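Just need the whole structure built from these sequences, with the hints factored in.
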Amino acid sequence: MRILIIEDDREAANYIRKGLKECGHVVDHAVDGEEGLAMSRSAEYDILVVDRMLPKLDGLSVIESLRDEGVSSPVLILSALGEVDHRVEGLKAGGDDYLVKPYAFAELLARVEALARRRDPEVVRTKLVVGDLEMDLLARTVVRGGEDILLQPREFRLLEFLMKHSGQVVTRTMLLEKVWDYHFDPQTNVIDVHISRLRSKIDKPFDEALLHTVRGAGYRLQA
Amino acid sequence: MIRRLPSFVRTTAFRLTLLSAALFALSSFLILAFVYAASAGAALQRTDAIIVDEFAAVERRYDESGIDGVNRYILQRTVGGSDFLYLLINPNGRLLSGNLNGMPDVVPDDEGWLDFVYGRAPAGDESEARDSRRARARLVEIGDGYSVFIGVDFEDEDRLIGRMLRAILIASALVIALGIASGVVVSRRFSRRLDAINTVARTVKGGDLSPRAPRNGSGDELDELSSNFNAMLERLEELMHRMRNVGDSIAHDLRSPLTRMRNRMEDALRAGGTRQSRHAALEQALIDSDELLGVFNAILSISRIEAGDRRESFERFDPAPLVSDMGELYEPVCEDSGHSFGMQVEEGLLIRGDRSLFSQAMANMLDNAVKYTPDGGAIQLRLRRSSDGRAEISVTDTGPGIPEADRLRVIQRFVRLEKSRNQPGSGLGLSLVKAIADVHGAELRLEEGAGGVDGHGPGLRIAMIFPADE
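Protein chains in written order, with numbering that gives the first Met the number 0: chain E, 0 to 222; chain L, 0 to 469.
Among these hints, one or two may not hold up.
Unchecked claim - Heads up, incomplete: computed chain E residues facing chain L, CB under 10 Å, no partners named:
no.: 1; residue: Glu82
no.: 2; residue: Ala103
no.: 3; residue: Arg153
no.: 4; residue: Tyr181
no.: 5; residue: Ile190
It is worth saying that the hints were derived from the structure and are not from the lab. None of these values were measured; they are calculated from a predicted model. Even for Gly, the Cβ is constructed at its ideal location relative to N, Cα and C.
Structure follows, in structure tokens:
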């Protein structure tokens with residue numbers, strides 16, 4: 000993927016850049032809002048990673064300008080401002096996801112990849128399939144290997160999110176944000192417990208595990 | 000060069016007093032002037048009336064017994080001294096009778112009135128000395144070419160009026176002088192009190208927050224100013240104190256993990272370590288730094304909440320669905336730790352606040368319960384209408400509880416009871432709950448829980464009671 004990072008902190012930018020390159024992405028870097036805007040106009044990027052506070056032109060203005068010009072590449076906003084209101088402002092300006100500093104690289108990578116997935120032409124899917132696990136979004140049923148699996152509503156939503164991002168790493172914070180809509184970190188590992196419950200329903204009775212733990216990052220559903 | 004005026008002259012109080020003194024002097028002067036004009040005018044009118052009356056008497060004599068009668072009357076009236084001045088003048092201008100030496104050298108007006116000065120010996124003084132006295136008279140032709148002149152000496156009244164005028168002028172001058180004097184006194188008093196407040200302000204600016212503005216308990220505006228000023232200083236001092244406390248606490252709680260982390264890294268860098276041990280040290284350092292970042296984030300959140308920015312976005316909502324969601328999130332956690340989890344949710348309550356903060360407070364209360372309740376305990380999340388109708392959200396556990404003496408302390412920042420220092424966490428969980436309660440105007444209660452059933456501890460009940468939503 001071709002990724003543009005607009006970040007004035009060079010060290011932070013290099014850290015992201017190095018990590019993303021190691022994962023096989025092509026990465027460009029702009030150091031201020033104006034340069035970032037110019038660069039994103041001149042070339043087509045799959046993902047933009049934009050720091051919120053930038054010299055010359057702030058991140059939100061960059062995103063607004065791009066959206067006005069019809070640029071639809073997904074944008075991940077990085078910010079030290081993490082209050083709900085700040086998030087809402089960021090998403091209103093046209094950002095697709097919001098990551099609060101400081102963050103682990105795994106978190107950033109997971110979100111960038113999740114955003115890239117969103118770019119794929121998405122037909123309204125009524126059925127999700129991962130290996131022999133099938134989810135019917137209309138009937139709200141889950142079947143694995145021909146066996147019905149009964150899930151609680153929240154478990155269903157958790158699995159739905161994991162299946163939509165199958166093959167990708169999803170972090171605990173992402174799950175808490177997207178499945179529960181909470182924007183704070185509980186001190187206990189609430190997500191781990193929910194994952195293990197889900198695992199006991201979709202994996203335990205079967206030979207092959209689909210829901211994998213990715214150490215230091217999160218989880219991945221993969222056949 | 001303008002000489003610098005004494006400081007009190009420049010005060011508002013002095014200027015105001017001076018202004019009011021000037022206004023008072025002006026108005027009293029006007030009143031006195033009116034009194035003067037009225038009484039002086041009245042005296043003149045009375046004099047004229049007396050003269051007119053006397054003419055009436057003379058004219059009656061003339062009608063009864065002609066000019067001789069008038070002559071006799073005048074002689075009678077002037078014998079032995081009289082208050083009136085008379086002259087009877089024949090058609091040739093000769094004086095027939097009267098007690099004046101001659102017609103005054105003043106031309107009467109159209110109605111015959113004239114004011115003049117004449118000489119008279121003071122009573123009992125037979126010498127040639129004469130007083131000059133003011134008088135008013137009228138000259139009227141009574142018939143057959145004879146004229147009668149009747150006057151009244153008003154020197155005494157004139158003097159009285161003169162004295163009155165002087166008194167008025169002196170009184171006005173006194174009023175002005177007293178006004179200035181009281182201006183000086185009042186403004187000195189006033190500026191002394193203001194100076195006291197200014198001195199306190201300057202001392203505080205210099206960094207010493209302890210002095211307080213003096214109060215005299217009168218409840219006047221300066222007293223109120225002092226009172227508000229002092230209240231402001233109290234608040235400032237409290238905030239400064241809190242900040243210092245936070246500083247100390249940060250130092251206290253962050254120094255040891257930072258030191259640990261530093262030592263681990265130094266150790267890993269020292270020659271001799273294996274690749275594996277270096278890797279392990281780095282991993283541990285990562286965990287440590289995440290924990291430190293967690294503490295910083297918690298501090299930041301608390302400060303933001305305490306600043307009250309969120310209050311603007313408060314809305315009215317039924318907390319029931321949020322409580323159910325949170326219960327659903329934590330139920331598996333509680334059960335995995337071997338606790339039984341119970342939830343009671345009363346619907347239809349309304350609170351005014353921030354949903355996200357409300358959820359966060361619940362999460363922290365539940366975190367706290369999960370963390371401190373030994374395996375096999377019971378945790379209950381409950382939303383109910385308290386006896387006085389307010390919405391109350393509570394978490395009750397069967398853990399060791401918190402001794403009554405420590406309950407206030409644990410909701411202060413960074414306070415972790417010694418027993419729990421080795422537990423993970425920022426030690427800010429309950430402080431955050433407290434901050435959230437405060438910003439909502441909610442009451443935070445820490446009480447003994449359900450009690451020591453089956454060998455459990457006394458337990459802890461944390462309740463947040465929201466103000467009634469009117």
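Problem - In rising order, the numbers of the hints this structure does not comply with - result: none
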